[in-house]
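Heads up: the protein sequence lines correspond to chains A and B, in order. For what it's worth, the working numbering labels the leading residue of the first sequence as -17, then goes sequentially. For what it's worth, the working numbering labels the leading residue of the second sequence as 597, then goes sequentially.
Treat the hints with caution; some may be incorrect.
[What the hints assert, rightly or not] Residues of chain A clear of chain B, computed beta-carbon distances all greater than 10 Å: (1) ALA(-5); (2) ILE(-3); (3) ARG37; (4) GLY40; (5) VAL58; (6) ALA70; (7) GLN103; (8) SER179; (9) ASP182; (10) LEU183; (11) ASN201.
[What the hints assert, rightly or not] Listed below are several chain B residues computed to face chain A (Cβ distance under 8 Å; list not exhaustive): (12) THR636; (13) VAL666; (14) GLY681; (15) ASP682; (16) LYS771; (17) LYS773; (18) GLY783; (19) PRO786; (20) LEU788; (21) ASN789; (22) ASN807; (23) PHE808; (24) LYS809; (25) ASN810; (26) HIS838; (27) HIS840.
To be clear, the hints were calculated from the coordinates, so they are not data collected in a lab. We treat Cβ as the ideally placed atom computed from N, Cα and C, and that holds for glycine.
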Amino acid sequence: MFEIFASLGEALALIGGADPALAGIVVLSLELSLAAAVAGAAIGLPLGALIAVGRFPGRRTLIVTLNALLGLPSVVVGLVVYLLLSRAGPLGSLGILFTPAAIVVAQTLLVAPIVAALARQVAEDAWREYEEQLTSLGVSRLRAVPTILWDARFSLLTVVLAGFGRAASEVGAVMIVGGNIDGVTRVMTTAIALETSKGDLPLALALGAILILVVLAVNAGVFAIREWSARRHG
Amino acid sequence: MVMNLPRAFRHFGLAGIAAAAAATTLLAVPPARAADRYITVASTTSTEQSGLFKQLLPEFEKASGIEARVVALGTGQALDMGRRGDADVLFVHDQVAEEKFVSDGYGVKRFEVMYNDFVIVGPREDPAKTRGGDVVAGLKAIAAARAPFASRADKSGTHAAELRYWKAAGMDMAKDKGPWYRETGSGMGPTLNTASGMNAYALTDRGTWLNFKNRGDLVILVEGDKRLFNQYGVMLVNPAKHAHVKQEAGRKFIDWLVSPAGQSAIAAYKIGGEQLFFPNAKPGG
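Given the sequences, and given the hints that come with them, work out the whole structure.
Have a look at this one:
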């Protein structure tokens, strides 16, 4: 227990010290995770809503698969992205392995299924509520997708935050495709892993505390926006 | 039934803002931060975790204007990265595997850069009675006492060396290992964390050990054996195999490492007054 409190003290000292290297790592983590959350949402939200309102063969199989992908092992995603982006792989000519772009690709692949699976559930509930009304207005299922997404936007915000959380906490895949290169692809999670490797557990835990604070700040910000906009729109 | 896109966008007020934010974020992080003056170096966890690169790379960048990006892996994995063409330069420590890498045509030429040594660490009370200057006798004592031993088991240079020492002790770890032989399958630091947690013996390079903080009850027990010598080599990945290898910048990095400037930068790296790596480049490789 004492060690944990000591680490919290160290975390505060790190924040107070405003170390530029640490700030760079925090900013990079934030940028990449937000980019992945947005990209994952751009794929996952429409996909989830389409599956929710659509009626097509194989829909149930797709839903089960999508839900199973919630448990997608990140190391596997990391390996697949590594093999794709490796010079010896099909996308090797892009030359983006061990760059921040590779991290965003891997994180997006992890975030998209989460957003899609959870958005599917949210959209399906909204669709059940509005199906009659929308059909009577002659709105096709496909055209109902944006309406439903907009109507459920506040619940979906939480879904996107879950995706952001997944991206920000990711370590396995990020380590494999990013390479944990100092100043280039070292993010909070891989920095924590490195300090743990060096046996500097108090520093590792202090970095962990800072990561939690950052995620907390993002969530608080989104919550504030949501409150503000809910009040405005009634 | 094509979706009306502009209308959909009006519906997606929030999403639109988010998309704009995403675009800005992606612009802020260009895919390959300039295709210019950087090389990718595949190296070992021992060089990274000992803190050597933090000292070395800034000096090289200042001298050459080239950024060296280090991905730290076990030697086996680093060599594999070179074979796939994902690194420009390899800086590793498994002479046998390195020479094979070059003779197979994946590397251009191997240069010796520096050495340090391996040590066996273990619990202070040394229940297996390993203390001394003989690595083979030390391992035999561990096996005889069936004392817990944490092995890298990750095809790294250190793992390869460990298996050679076991062989010299008359043991083939593929079949002679017992439950006391714990294969962590991870880097040097994580393996030391495991050893520290279990009060087990482990073979480690001295550099990682000196920089390692979570020692618990572990101390150095076996050291000074000539066989514990640990040579590091550097190689350019063969541009004939992978045309995109940045050979000019890569060669500059290698030339600098074996130059008097690079060699003295290596010698200058100390922790608590103790030198971690000893430069031993020969003129002409």
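Which of the listed hints are not met by the structure?
-> When the structure is compared with the hints, numbers 6, 8, 9, 10, 16, 17 turn out to be violated.
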